[in-house]
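Produce the complete structure using the sequences and hints provided.
Chains as they are written, first to last, in the numbering used here: chain A, 1 to 85; chain B, 86 to 617; chain C, 618 to 833.
Take these hints with a grain of salt, some might be off.
As the list claims (entries may be wrong) - From the derived model, a few chain A residues whose C-beta atoms are all more than 10 Å from chain C: (1) 29; (2) 61; (3) 65.
What the hints assert, rightly or not - Covered, in the sense of this in silico footprint (three residues per stretch, anywhere, with C-beta under 8 Å from a C-beta of chain A), are these stretches of chain C: (4) 657–665; (5) 699–709; (6) 761–773; (7) 814–828.
Calculated directly from the structure, the hints in this document are not laboratory data. Since the structure is predicted, the reported quantities are computational estimates derived from the model, not experimental observations. Even for Gly, the Cβ is constructed at its ideal location relative to N, Cα and C.
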Amino acid sequence: MNNAQALKIYAVLLVLLLIEVLAAAFSWPYRNGLIMSVAAGQFALLLLFYLGVYRHKGWVQLFGWVYLCWMLVMVVFILGELQTR
Amino acid sequence: MSAPSYLHKQGLMSWFLTQDHKRIAVLYMITVTFFFFVGGLAASLIRIELVTPNGDLLTADGYNRAFTLHGVIMVWFFLIPSIPSVFGNFLVPIMIGAKDMAFPRLNLFSWYLLLGGGLFTLLALLLGGVDTGWTFYTPLSTMFSNGHVVAVICGVFIAGFSSIFTGINIIATVHTLRAPGMTWMRLPLFVWSMYATSIILVLATPVLAVTLILVAAEHLFQIGVFDPRLGGDPLLFQHLFWFYSHPAVYIMILPAMGVISELITASGHKRIFGYSFVAASSVAIAVIGFLVWGHHMFVAGQSMYASLAFSLLSFMVSIPSAIKAYNWSATLYKSDLTVTAPFLFALTFIGLFIIGGVTGLFLALLAADLHAHDTYFVVAHFHYIMVGAAVAGYFGALHFWWPKITGRLYPQLWGKITAVMIFCGFNLTFFPQFILGYLGMPRRYHTYDPDFQFLNVLSSAGASILAVAYALPFFYLLGSLRWGERAPMNPWEAAGLEWRIPSPPPTHNFEAPVIVDFEAYDYSPEARRDPL
Amino acid sequence: MIRSDEQPAEQFAAWAQQREAARLGMWLFLASEVMMFGSLIMVAWFYRIEHADGVAEAVAGLHYGLATANTFMLLSSSLLMSLALIASEQMFSQPRPLLRVRRCLLGSAVLGLLFLTCKGIEYTLEYREGLLPGFSADSPLYLPSARLFMNLYFIATALHGVHVLVAVGLVLWLWARLKHLAPHQARTRIEMTTLYWHLVDAIWIVLFATLYLVGR
Numbered sequence: 001m002n003n004a005q006a007l008k009i010y011a012v013l014l015v016l017l018l019i020e021v022l023a024a025a026f027s028w029p030y031r032n033g034l035i036m037s038v039a040a041g042q043f044a045l046l047l048l049f050y051l052g053v054y055r056h057k058g059w060v061q062l063f064g065w066v067y068l069c070w071m072l073v074m075v076v077f078i079l080g081e082l083q084t085r
Numbered sequence: 086m087s088a089p090s091y092l093h094k095q096g097l098m099s100w101f102l103t104q105d106h107k108r109i110a111v112l113y114m115i116t117v118t119f120f121f122f123v124g125g126l127a128a129s130l131i132r133i134e135l136v137t138p139n140g141d142l143l144t145a146d147g148y149n150r151a152f153t154l155h156g157v158i159m160v161w162f163f164l165i166p167s168i169p170s171v172f173g174n175f176l177v178p179i180m181i182g183a184k185d186m187a188f189p190r191l192n193l194f195s196w197y198l199l200l201g202g203g204l205f206t207l208l209a210l211l212l213g214g215v216d217t218g219w220t221f222y223t224p225l226s227t228m229f230s231n232g233h234v235v236a237v238i239c240g241v242f243i244a245g246f247s248s249i250f251t252g253i254n255i256i257a258t259v260h261t262l263r264a265p266g267m268t269w270m271r272l273p274l275f276v277w278s279m280y281a282t283s284i285i286l287v288l289a290t291p292v293l294a295v296t297l298i299l300v301a302a303e304h305l306f307q308i309g310v311f312d313p314r315l316g317g318d319p320l321l322f323q324h325l326f327w328f329y330s331h332p333a334v335y336i337m338i339l340p341a342m343g344v345i346s347e348l349i350t351a352s353g354h355k356r357i358f359g360y361s362f363v364a365a366s367s368v369a370i371a372v373i374g375f376l377v378w379g380h381h382m383f384v385a386g387q388s389m390y391a392s393l394a395f396s397l398l399s400f401m402v403s404i405p406s407a408i409k410a411y412n413w414s415a416t417l418y419k420s421d422l423t424v425t426a427p428f429l430f431a432l433t434f435i436g437l438f439i440i441g442g443v444t445g446l447f448l449a450l451l452a453a454d455l456h457a458h459d460t461y462f463v464v465a466h467f468h469y470i471m472v473g474a475a476v477a478g479y480f481g482a483l484h485f486w487w488p489k490i491t492g493r494l495y496p497q498l499w500g501k502i503t504a505v506m507i508f509c510g511f512n513l514t515f516f517p518q519f520i521l522g523y524l525g526m527p528r529r530y531h532t533y534d535p536d537f538q539f540l541n542v543l544s545s546a547g548a549s550i551l552a553v554a555y556a557l558p559f560f561y562l563l564g565s566l567r568w569g570e571r572a573p574m575n576p577w578e579a580a581g582l583e584w585r586i587p588s589p590p591p592t593h594n595f596e597a598p599v600i601v602d603f604e605a606y607d608y609s610p611e612a613r614r615d616p617l
Numbered sequence: 618m619i620r621s622d623e624q625p626a627e628q629f630a631a632w633a634q635q636r637e638a639a640r641l642g643m644w645l646f647l648a649s650e651v652m653m654f655g656s657l658i659m660v661a662w663f664y665r666i667e668h669a670d671g672v673a674e675a676v677a678g679l680h681y682g683l684a685t686a687n688t689f690m691l692l693s694s695s696l697l698m699s700l701a702l703i704a705s706e707q708m709f710s711q712p713r714p715l716l717r718v719r720r721c722l723l724g725s726a727v728l729g730l731l732f733l734t735c736k737g738i739e740y741t742l743e744y745r746e747g748l749l750p751g752f753s754a755d756s757p758l759y760l761p762s763a764r765l766f767m768n769l770y771f772i773a774t775a776l777h778g779v780h781v782l783v784a785v786g787l788v789l790w791l792w793a794r795l796k797h798l799a800p801h802q803a804r805t806r807i808e809m810t811t812l813y814w815h816l817v818d819a820i821w822i823v824l825f826a827t828l829y830l831v832g833r
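Given below as structure tokens:
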């Protein structure tokens, strides 16, 4: 990664921040989903580019996906249990 | 002229400031032994109290504090660190052909964290302690307990970081410091199980950290997260707690399983049957073990659908464990067996693990758990695994690698006596508890129906045999340091890199750089003696 | 290949190996931190679903303006840390880009401290409003579940704040000691600190959305 790319990612992150704050402040339609998607997008950008995950292939990618899926399972199980009581 | 052993340098500071993984392992060994005896003392109080149906030794509250002390110390300060921090630290670098762990200073820091957390917890427990049980269920721990909840929580929190850092160290070491030629499929199975254990250590313990923070905050500031009056949910605590604590029990058993793979192959002088299956089963246990926590909450008000899912998954998690048991047995078939003390500990493990594991399946069955939950059936089940199996694994490891660690041989006969005593004493202590639970005796009560007394007396009698059996090694193992014969490089004629270096090893483990061009457990078939 | 007299630690054969081990160790630590905050965020969502009305009441009172400023500051500090890391890749060329790296590190640390200051201001405002649990007898919030969510907000942001403090400490220490570190060591430490910083930022991004914005 070079300086120009880092700055581009930063710009996108700021734009996303603006979107989510406006969505919250002005009650845009579907704002909850939009806000969480934006947050997920920012998280993904940080993860992939600043934290550098995009550079890794193979086993690292596999472990990354398994980790994320398993966290998802934890959330689904616990929130699902709550919903089905 | 060979290099001096790692034990050579003298002076207290050389121990307290060491970065040598072998010395740190010895420091851990002393620490966990101390905590084992403290937890054992609490167990003695419990078993003495339970000899009679009435509460004559301890008050109800005192009894609650005793079993809490027993659980907290044994789980977090003995079982979880025992094999990973003692034998994992000592053996993993040597078994992969490395000179030390990846992060030696972090390793030492982990020990200080365990020691600090442990002493702090012990202080809190002795200054009056906590009556909540090691499981800290809410709302008792958050709203009604008048014990030192926050102090004990702090101690456990600190010790949790010891676990996390040990896990990080082991994973990084196995990934980056394997000697040339030491591919993943040539690793000793002990390393595979330490790796799987470390995954659990790193990923599950943080959830415990957060849970403890929430309980402490609730206890101190009544934040309401588990308080129904503020909209909180006590069951959420159980979800969070067991999300860590179920994988935690796999932290306690996986390393022991790794030890058994080593003991069985060394005693049988034969390659393990189905290496890749045993290696994969360690990882499978770690993965599936994260998905079964709800089986502790079947009667807590959990949704039926969740209970169904957890019950099914709990049955599935038994499969990799069963694969290991079958493979160990198959390894012993037509092997060149030498019956040593470590071998007897391995047999103890397999026998007791099977009983414990199968009774776990009874509990995984929703309909049966309805009756067995919170009875002595559960107590017997988990003691069969955690004590019968895991502690047998720890003792087996102690007896197997003692010559390597200390450079001394101990009298085999005493080791065998201890193993047999443990097997008999253990069954006498805990088998009656299955029957008691079936008959309906609830756990965590200091009084019971007089009809249960006979079985309780049997159990306590067994406990006294166990106490002697656990104390015995203290004498002959420590005695060997003074009077034992010097150990050769490979007293068991076992395969593995640790048996190719002197006993005790030099500080940097290997004199010459290690190149691995052999498979794991490369026992030659010709070396097998003719049975006639 | 970079020729250097700098020796890696005893157990490593080369600096590349040591750096890889450090990277793996730090990533594992990050994975454990994500588990910790992930559980906390899941608890927040748990109560969002259970008590949507109480949560809405609590969220309405949160100072999201200050929080937005905080988010901007953390994102900017992440940029500066990335720039520091990129500059540090030149650590073997002459002259060493020490000034550049140190400026970026200092900038990040300052932004981190500003973050903590704003957080402190926010907590003070909330204390004055009587929202802190255990510090005021009566809460202005009507619904009990609103009070619960408010308390969760305090725990989550306080825990995060502690992590920011640690990160700032690490960066300041690095800024002070950079001149005295050998090139390989310097590069490795900058990379590890940057990874940790980005994680603290990433966690805040999710916390900000979950606590302040949704259901406003």
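Going through the hints against the structure:
1. With a closest Cβ-Cβ approach of about 14 Å to chain C, residue 29 of chain A is found to remain outside the 10 Å limit, as its non-interface label requires.
2. For residue 61 of chain A, the condition that its CB be more than 10 Å from all CB atoms of chain C holds, with the nearest at approximately 13 Å.
3. For residue 65 of chain A, the non-interface assignment is confirmed: its Cβ lies about 13 Å from the closest Cβ of chain C, beyond the 10 Å cut-off.
4. Counting residues of the region 657–665 of chain C whose beta carbon lies closer than 8 Å to any beta carbon of chain A gives 3, which meets the minimum of three for the stated coverage.
5. Only residues whose beta carbon comes within less than 8 Å of a beta carbon in chain A count, and the region 699–709 of chain C has 3; three or more means the coverage holds.
6. Look at the region 761–773 of chain C against chain A: 0 of its residues bring a Cβ nearer than 8 Å to a Cβ of that chain, fewer than three, so the hint is violated.
7. For the region 814–828 of chain C, the assignment as covered by chain A holds, since 9 residues bring a beta-carbon within under 8 Å of that chain's beta-carbons and 3 suffice.
Consistency note: the structure conflicts with earlier hint 6 alone.
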